[in-house]
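**Q** Residue strings, one per chain:
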Amino acid sequence: QKEVEQNSGPLSVPEGAIASLNCTYSDRVSQSFFWYRQYSGKSPELIMSIYSNGDKEDGRFTAQLNKASQYVSLLIRDSQPSDSATYLCAVTKGDNFNKFYFGSGTKLNVKP
Amino acid sequence: DAGVIQSPRHEVTEMGQEVTLRCKPISGHDYLFWYRQTMMRGLELLIYFNNNVPIDDSGMPEDRFSAKMPNASFSTLKIQPSEPRDSAVYFCASSKGQGNSPLHFGNGTRLTVT
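Quick note, the sequences are listed as chains A and B, same order. Heads up: the first sequence begins at 92 in this note's numbering, then just goes up one per residue. Heads up: the second sequence begins at 2 in this note's numbering, then just goes up one per residue.
Do not rely on the hints blindly, as some may be mistaken.
Quick partial rundown of chain A residues pointing at chain B, CB under 7 Å, derived from the structure [to be verified]:
1) Ser-121
2) Ser-123
3) Phe-125
4) Asn-189
5) Phe-191
6) Phe-193
I should point out that these hints are in silico values taken from the structure, not numbers from a laboratory. Where a beta carbon is used, it is the ideal one built from N, C-alpha and C, also for glycine.
Could you build all of it, start to finish, from the sequences and the hints given here?
**A** Set out below in structure tokens:
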């Protein structure tokens, strides 16, 4: 079983809609959770981090964490074509918060 | 504030040649990571360092790969001899390593081995 699982997509949404990206993780002792955005041919860039249950909002982005169900999600409101990218979920564990486990990423297409 | 700097951006080499990738982490970051990304396998952690000391090299594919960090501002990843299956994008990343510190990635080196 992989440490972090994501649906590879592509997820297609119309411009202006809400895009919902999901990620599940296997280890209950996972501690920190991150969402990275990666444009084609570019490096991953940090969008959001979340450490406790609940929602965390930053502009059009909301990260949601549910440790009991072992999932973390990213909502993108008012999606724009410029949001089209691959979104990577990353998790660290409690026994080694410096070792990051990445999902395979979900490709998002926002159609004008 | 300069980010993580990697060189070269692109490397094309023939099978059997030695390849050296270079990385300068963000100043003040105590942790440095080397990742490899391919379409088939996604982002794979190869090795990471804390204060210039290798902590976990379990992701290094085989003895052909080696990594060093001679000082806090420089690291190398060497492949000798290179093989076509080593073709990938290699990312260096660094972090402060304080609890919930995120990774900051360099622009990557795209390696093609023919």
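**Q** Just to be careful: measuring from the Cβ of A:Ser-123 to every Cβ in chain B, is the smallest value less than 7 Å?
**A** holds (5 Å)
**Q** Against chain B, run the beta carbon of A:Phe-191 and see if the smallest gap drops under 7 Å.
**A** holds (6 Å)
**Q** Per the CB criterion, is A:Ser-121 less than 7 Å away from chain B?
**A** Where the cut-off is 7 Å and the nearest Cβ of chain B is about 12 Å from A:Ser-121, the hint is violated.
**Q** Double-check A:Asn-189 for me: the hint is only fine if its C-beta lies closer than 7 Å to a C-beta in chain B.
**A** holds (5 Å)
**Q** Hey, does the A:Phe-193 contact hint survive, CB to chain B under 7 Å?
**A** Constraint on A:Phe-193 satisfied, holds at 4 Å.
**Q** Quick check on the hint: A:Phe-125 CB to chain B CB, less than 7 Å?
**A** holds (6 Å)
Checked against the numbered hints above, the structure violates only hint 1.
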